[in-house]
Amino acid sequence: MEDGQKRVFDLRQLSKKSEIRIHGGSYEDLVNVIKTLGKILELKQDTNKFYETITKRGLSDTDERIVATAYWISMFSDKQPILITRDGDFTRLFWITGRLLGAHEFEGNQHFRKSLEQNPVKVYHKNRDGKYEIRVNTREMEYRDKFVLHKIPSDKENGARELIQKMWRNFRE
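In our numbering, the protein residues as written are 1 to 173.
Keep in mind the hints are simulated off the structure, nothing from the lab.
Check the hints yourself; a few may be wrong.
As the list claims (entries may be wrong) - What follows is a set of in silico ranges between Cβ atoms, one per label pair, in the way DEER data are often shown: (1) PHE76 / PRO153: 28 to 38 Å; (2) LYS156 / GLN45: 11 to 21 Å; (3) GLY108 / SER154: 40 to 50 Å; (4) LYS156 / ARG21: 49 to 59 Å; (5) ASN170 / ASP129: 40 to 50 Å; (6) LEU163 / PHE76: 19 to 29 Å; (7) THR62 / ASP145: 27 to 37 Å; (8) PHE9 / GLY159: 39 to 49 Å; (9) PRO153 / ASP129: 36 to 46 Å.
To be verified - With a straight-line cut-off of 20 Å between C-alpha atoms, the simulated SDA-like cross-links for lysine to any residue are: (10) LYS114 / ASP78; (11) LYS126 / GLU157; (12) LYS131 / GLY88; (13) LYS146 / LEU163; (14) LYS44 / ILE84; (15) LYS122 / SER77; (16) LYS166 / SER154; (17) LYS35 / TRP168; (18) LYS44 / THR69; (19) LYS35 / GLY159; (20) LYS6 / TRP168; (21) LYS44 / ASN119; (22) LYS6 / SER77.
Cβ coordinates follow ideal geometry from the N, Cα and C atoms, glycine included.
With the hints as extra help, turn the sequences into a complete structure.
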């Protein structure tokens, strides 16, 4: 276990030196889908006052861009993205958006599911003891058959479904 902790620490130090830049319409489509799902399902629950001020103004989409970047790297490189964080929002963002984007009803997302299995996204979360534990491993993700959002109006669910279908069509073209 200590060896794993040391590897996580080394990766954390390396990540401080790394910067990833991705541009393109398909990437922005992916970001927008994740942002939309995050808003509809209220996946971000940070209680920090500064955070609340920024998100009310619509300025902060950093979490969604990190999630989209990890998915993008998994789909379009041979790398396995790793995120090390203390922010619990990432667990919700990855598990829920991944299962919905990978729903079997959407044509064109087979590459997404295959990529997340072959190049899994892993999220390590720092627990109360100061140790890192794995919270997300997309290789273990089970995808829904149908796109279903519970406890929201059907018009919002249909709008989100249409947005995701459009995104997968754009990726195929």
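Structure-based check of all given hints:
With their beta carbons about 35 Å apart, PHE76 and PRO153 fall inside the hinted range of 28 to 38 Å. The beta-carbon spacing between LYS156 and GLN45, approximately 19 Å, falls within the hinted interval of 11 to 21 Å. For GLY108 and SER154, the hinted distance range of 40 to 50 Å is not satisfied, since their beta carbons lie about 24 Å from each other. A C-beta distance of roughly 32 Å is found between LYS156 and ARG21, which places it outside the suggested range of 49 to 59 Å.
One distance hint, 40 to 50 Å for the beta-carbon pair ASN170 and ASP129, holds here, with the actual separation near 44 Å. Separation of LEU163 from PHE76 is about 21 Å and conforms to the stated range, judged on CB atoms against 19 to 29 Å. At roughly 32 Å, the beta-carbon separation of THR62 and ASP145 lies within the given 27 to 37 Å, and the hint holds. Distance hint for PHE9 and GLY159: a CB-CB separation of about 43 Å, consistent with the stated range 39 to 49 Å.
Between PRO153 and ASP129 the C-beta distance comes to about 41 Å, which sits within the given range of 36 to 46 Å. Straight-line distance between C-alpha atoms of LYS114 and ASP78 comes to about 12 Å, which keeps the hinted pair within the 20 Å bound. In summary, the hint linking LYS126 to GLU157 is not supported, as the alpha carbons are separated by about 33 Å, beyond the 20 Å threshold. For the hint pairing LYS131 with GLY88, the CA-to-CA distance comes to about 15 Å; that is within 20 Å, so the pair holds.
Restraint check for LYS146 and LEU163: the C-alpha separation of about 15 Å stays at or below 20 Å, so the hint holds. Of the supplied pair hints, the one linking LYS44 and ILE84 holds, its CA atoms being roughly 17 Å apart against a limit of 20 Å. Between the alpha carbons of LYS122 and SER77 the distance comes to roughly 15 Å, so the proposed pair stays at or under 20 Å and holds. With a C-alpha separation of about 18 Å, the suggested pair LYS166 and SER154 falls inside the 20 Å cut-off, and the hint holds.
Among the hinted pairs, LYS35 with TRP168 is consistent with the structure: their alpha-carbon atoms are about 16 Å apart, no more than 20 Å. Simply put, LYS44 and THR69 have alpha-carbon atoms about 17 Å apart, close enough for the 20 Å limit, and the pair holds. Taking the CA atoms of LYS35 and GLY159, the gap is near 13 Å; set against the 20 Å cutoff, the hint holds. Between LYS6 and TRP168 the CA atoms are separated by roughly 39 Å; this puts the pair beyond 20 Å, and the hint is violated.
For the hint linking LYS44 to ASN119, the alpha-carbon distance of about 25 Å lies beyond 20 Å, and the restraint is violated. Taking the CA atoms of LYS6 and SER77, the gap is near 26 Å; set against the 20 Å cutoff, the hint is violated.
Hint compliance for this structure: hints 3, 4, 11, 20, 21 and 22 are broken, all remaining hints hold.
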